[in-house]
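**Q** Listed below, chain by chain, are the residues.
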Amino acid sequence: MPREYELTDDSVFVVIGSGAGGGTLANELAQKGIDVVCLEAGSRLALADIENDPGLMNQRMNWNDRRLGPPVWLCKTVGGTTMRWSALAPRFQEHEFRPRTTYGHLQGTTLVDWPVTLAELAPYYEKAEFNMGVSGTHDLPPSFETSNFKVLRAGGRKIGYKEITSTRTAINPVAHDGRPGCLQIGFCTSGCRIAAKWSTLYSEIPKAESTGHFELRTNAMALKIVHDDAGSVTGVVYKDADGNTVEQKARAVAVAANVVETTRLLLSSESSKFPDGLGNSTGHVGRNYMRHVFGFTLASMPKPVNFHRGTRISGYIRDEAYHNPERGFAGGYLIEAMALDPAGVLEFYGGWGESTAATMERYDHLAGAFVSGEDPPQASNRISLHPTERDESGLPVPVIDYALHPNSAAMQQHANRKTTELYESLDGKVISTSQGVAVGCHNMGVARMSEKPEDGVTNRWGQTHDLPNLFVSDGSVFTSSAAANPTLTIVALAIRQADHIAERMRRREL
Amino acid sequence: MSTTKTSKSDSVRQHQLALSRRKFLVAAIALSGLAIGMPGLAIVRRAWAQSGTPLEDDVYRALVQMARRLYPYAAISDEVYAEVLDDVLTATVDDEAFVETLRSAEQALNSQQPSDFIDLDTDAQIKSMRAVEQMSFFATIQGAVKFRLYNHPAIWELLDYEGPSYQRGGYLNRGAGEIDWLPEGE
Numbered sequence: 001m002p003r004e005y006e007l008t009d010d011s012v013f014v015v016i017g018s019g020a021g022g023g024t025l026a027n028e029l030a031q032k033g034i035d036v037v038c039l040e041a042g043s044r045l046a047l048a049d050i051e052n053d054p055g056l057m058n059q060r061m062n063w064n065d066r067r068l069g070p071p072v073w074l075c076k077t078v079g080g081t082t083m084r085w086s087a088l089a090p091r092f093q094e095h096e097f098r099p100r101t102t103y104g105h106l107q108g109t110t111l112v113d114w115p116v117t118l119a120e121l122a123p124y125y126e127k128a129e130f131n132m133g134v135s136g137t138h139d140l141p142p143s144f145e146t147s148n149f150k151v152l153r154a155g156g157r158k159i160g161y162k163e164i165t166s167t168r169t170a171i172n173p174v175a176h177d178g179r180p181g182c183l184q185i186g187f188c189t190s191g192c193r194i195a196a197k198w199s200t201l202y203s204e205i206p207k208a209e210s211t212g213h214f215e216l217r218t219n220a221m222a223l224k225i226v227h228d229d230a231g232s233v234t235g236v237v238y239k240d241a242d243g244n245t246v247e248q249k250a251r252a253v254a255v256a257a258n259v260v261e262t263t264r265l266l267l268s269s270e271s272s273k274f275p276d277g278l279g280n281s282t283g284h285v286g287r288n289y290m291r292h293v294f295g296f297t298l299a300s301m302p303k304p305v306n307f308h309r310g311t312r313i314s315g316y317i318r319d320e321a322y323h324n325p326e327r328g329f330a331g332g333y334l335i336e337a338m339a340l341d342p343a344g345v346l347e348f349y350g351g352w353g354e355s356t357a358a359t360m361e362r363y364d365h366l367a368g369a370f371v372s373g374e375d376p377p378q379a380s381n382r383i384s385l386h387p388t389e390r391d392e393s394g395l396p397v398p399v400i401d402y403a404l405h406p407n408s409a410a411m412q413q414h415a416n417r418k419t420t421e422l423y424e425s426l427d428g429k430v431i432s433t434s435q436g437v438a439v440g441c442h443n444m445g446v447a448r449m450s451e452k453p454e455d456g457v458t459n460r461w462g463q464t465h466d467l468p469n470l471f472v473s474d475g476s477v478f479t480s481s482a483a484a485n486p487t488l489t490i491v492a493l494a495i496r497q498a499d500h501i502a503e504r505m506r507r508r509e510l
Numbered sequence: 001m002s003t004t005k006t007s008k009s010d011s012v013r014q015h016q017l018a019l020s021r022r023k024f025l026v027a028a029i030a031l032s033g034l035a036i037g038m039p040g041l042a043i044v045r046r047a048w049a050q051s052g053t054p055l056e057d058d059v060y061r062a063l064v065q066m067a068r069r070l071y072p073y074a075a076i077s078d079e080v081y082a083e084v085l086d087d088v089l090t091a092t093v094d095d096e097a098f099v100e101t102l103r104s105a106e107q108a109l110n111s112q113q114p115s116d117f118i119d120l121d122t123d124a125q126i127k128s129m130r131a132v133e134q135m136s137f138f139a140t141i142q143g144a145v146k147f148r149l150y151n152h153p154a155i156w157e158l159l160d161y162e163g164p165s166y167q168r169g170g171y172l173n174r175g176a177g178e179i180d181w182l183p184e185g186e
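If you read the sequences in order, they're chains A and B.
Residue numbers for the first sequence follow the numbering used here, so the first one is 1 and each next one is one higher.
Residue numbers for the second sequence follow the numbering used here, so the first one is 1 and each next one is one higher.
Careful: at least some of the hints might be erroneous.
What the hints assert, rightly or not - A few chain A residues that face chain B, going by a derived Cβ cut-off under 10 Å, partial list only: (1) Glu145; (2) Phe149; (3) Lys150; (4) Arg153; (5) Val305; (6) Thr311; (7) Pro342; (8) Glu354; (9) Asp364; (10) Leu426.
Claimed, not checked - The list that follows gives simulated cross-link-like pairs (lysine to aspartate or glutamate, EDC-like), each with its CA atoms no further than 20 Å apart: (11) B:Lys127 to A:Glu354; (12) A:Lys429 to B:Asp180; (13) A:Lys224 to A:Glu247; (14) A:Lys273 to A:Glu454; (15) A:Lys224 to A:Glu389; (16) A:Lys303 to B:Asp180; (17) A:Lys303 to B:Glu184; (18) A:Lys249 to A:Glu6; (19) A:Lys158 to B:Glu184; (20) A:Lys303 to B:Glu178; (21) A:Lys303 to B:Glu157; (22) A:Lys158 to B:Asp180; (23) A:Lys224 to A:Asp242; (24) A:Lys452 to A:Glu120; (25) A:Lys303 to B:Glu162; (26) A:Lys303 to B:Asp160; (27) A:Lys303 to A:Asp427; (28) A:Lys162 to B:Glu184.
For the record, the hints were derived by calculation from the structure and aren't laboratory data.
Source: prediction; values computed, not measured.
Yeah, the Cβ is synthetic: ideal placement off N, Cα and C, and Gly gets one too.
Construct the complete structure from the given sequences, taking the supplied hints into account.
**A** Shown next as structure tokens:
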């Protein structure tokens, strides 16, 4: 049964955000009998609110608050970006937790190794994969092979790739955990109407509610985290659904508001004791912001593919994921079969006039590959607060500064070349590749984990170095980006963090 | 504090209101067309005029023509391009700055050549558009037209795009994974 806690109840653990990190952490804590209040800035959609209409769903789910800088594509709704994600869920590789050791010094980057190893995270990856229904793990079969995936595999084999798989997607290949198997509806990024794609909206949140140790407050926008003179967090000030500014007392707080909002909240929570914001005594909050090296290659194939029939992402190639400096860059990338609706295609394939219209008229012939590659952290890639501009909540407008590192630019060019080769091997004609910075959907860094406090914001458990009871539980804690899509690792880290928090509570340290 | 649990936010409700309003407008377009048998453009002009957008006829016609030149399909009627523009106007009905952008677009297009944009032949219209494509209004209008045109059922049919599918049980038993031209063994 859902609980209701008093604002004055200082025994509750407050989680800010209900997405991959926050939703998971809240549920894990509630399952252990810890009382949790989860503040979510957005509203709670029912499955019946989810339509196969990207424009409509953007309005229902988008985080549209004003920002300056290159665009990010995030959600303000229960479930956060797990509502939107394409659900590819690969693990990080062992060396990706040790990027500084593996790659050496990369000019202009702030690379450090993670204070966490793959061996340490592996059991949590196991749990995350089970909870999320990741295809090809536990007893789940591989994902359905879409025609877009079959084109990617055929071309990949022709140019010599060996590691091509339709596994590792957190979309139920068959019924699992009370949710149905995928019907190949498409529109995954507009929310999954049948709940076959994992989202905390219909997985972790109702599970947490059934424990009797959890309250979700929707349309509750966190404004400031407050603390006592000793430097311990004591509560969260937020705007409630009725527009009143109230404070929820707390024994501890975890921030999982997705990178931009996590930064804004930590910096906005400045005080006389912490004049530069919370967790920011070494100036790292907002810095080392990473987005992944991003690519999207679209090809017009000789015969129809009909890539709209089925999941948006349906398998990937791992051959380029390894660290192989002979290619001219450090780190690697994944090549993922990705489909788009016609309007989505035109977000990438620009231009206008006869030739654009003619290419689009052969929409059913299109095949597509998304590239996700390691993006090294740079101090100058950062999120900060505008000194004077305020948004409708009265909060400072976030400013995003982001530029591609030369290593990332080299990787992007390599990926463009290889994906072009792949489609040309099947007589396809590439109509579009990515150049430079694209929309940020994979946001990482800004409160990174570091062994030494002077290198980052949080320790190996995602606890801020500065405050004993303030945690960060989203992609903000990533020390480096690795190549893999981030969500699985966010979830694994949140499950691990919950174990740590419960243990510290048991020892009465929190 | 409030303990009310709602499944839909105010913004969702507002959007639904906007949608029903749009449906009403589309119905109004159809009705007015039937009633007086006007050609497509005039029909649509009437409909958005009712919605209160203070956009002049000349500007409207120029923008419909611009929409066609952006993404030209011989098989698609002017009515569809006009519906797309009408959709844009309905969505931005209270946005005076946007309406001003539309006016300045028409002026910019008209000032490229001795004749007004709407009176030029196809090649000359394209030339005028190329001349202004770096101006900020161009991307704004292109973006709005692009999104709505390629979400229009008439275009979907032309592109062999089958659209929303959950109502029909997804594509699992309707062609997903079917491809017969890949090399042997694929």
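**Q** Could you run down the list of hints and mark each one as holding or not?
**A** Going through the hints against the structure:
{"no.": "1", "hint": "Glu145", "result": "holds, 6 Å"}
{"no.": "2", "hint": "Phe149", "result": "holds, 8 Å"}
{"no.": "3", "hint": "Lys150", "result": "holds, 5 Å"}
{"no.": "4", "hint": "Arg153", "result": "holds, 7 Å"}
{"no.": "5", "hint": "Val305", "result": "holds, 6 Å"}
{"no.": "6", "hint": "Thr311", "result": "holds, 9 Å"}
{"no.": "7", "hint": "Pro342", "result": "holds, 4 Å"}
{"no.": "8", "hint": "Glu354", "result": "holds, 6 Å"}
{"no.": "9", "hint": "Asp364", "result": "holds, 4 Å"}
{"no.": "10", "hint": "Leu426", "result": "holds, 7 Å"}
{"no.": "11", "hint": "B:Lys127 to A:Glu354", "result": "holds, 13 Å"}
{"no.": "12", "hint": "A:Lys429 to B:Asp180", "result": "holds, 19 Å"}
{"no.": "13", "hint": "A:Lys224 to A:Glu247", "result": "holds, 9 Å"}
{"no.": "14", "hint": "A:Lys273 to A:Glu454", "result": "holds, 18 Å"}
{"no.": "15", "hint": "A:Lys224 to A:Glu389", "result": "holds, 17 Å"}
{"no.": "16", "hint": "A:Lys303 to B:Asp180", "result": "holds, 9 Å"}
{"no.": "17", "hint": "A:Lys303 to B:Glu184", "result": "holds, 15 Å"}
{"no.": "18", "hint": "A:Lys249 to A:Glu6", "result": "holds, 9 Å"}
{"no.": "19", "hint": "A:Lys158 to B:Glu184", "result": "holds, 12 Å"}
{"no.": "20", "hint": "A:Lys303 to B:Glu178", "result": "holds, 12 Å"}
{"no.": "21", "hint": "A:Lys303 to B:Glu157", "result": "holds, 18 Å"}
{"no.": "22", "hint": "A:Lys158 to B:Asp180", "result": "holds, 17 Å"}
{"no.": "23", "hint": "A:Lys224 to A:Asp242", "result": "holds, 18 Å"}
{"no.": "24", "hint": "A:Lys452 to A:Glu120", "result": "holds, 19 Å"}
{"no.": "25", "hint": "A:Lys303 to B:Glu162", "result": "holds, 17 Å"}
{"no.": "26", "hint": "A:Lys303 to B:Asp160", "result": "holds, 13 Å"}
{"no.": "27", "hint": "A:Lys303 to A:Asp427", "result": "holds, 10 Å"}
{"no.": "28", "hint": "A:Lys162 to B:Glu184", "result": "holds, 17 Å"}
Comparing the model with each numbered hint stated earlier shows that all of them hold.
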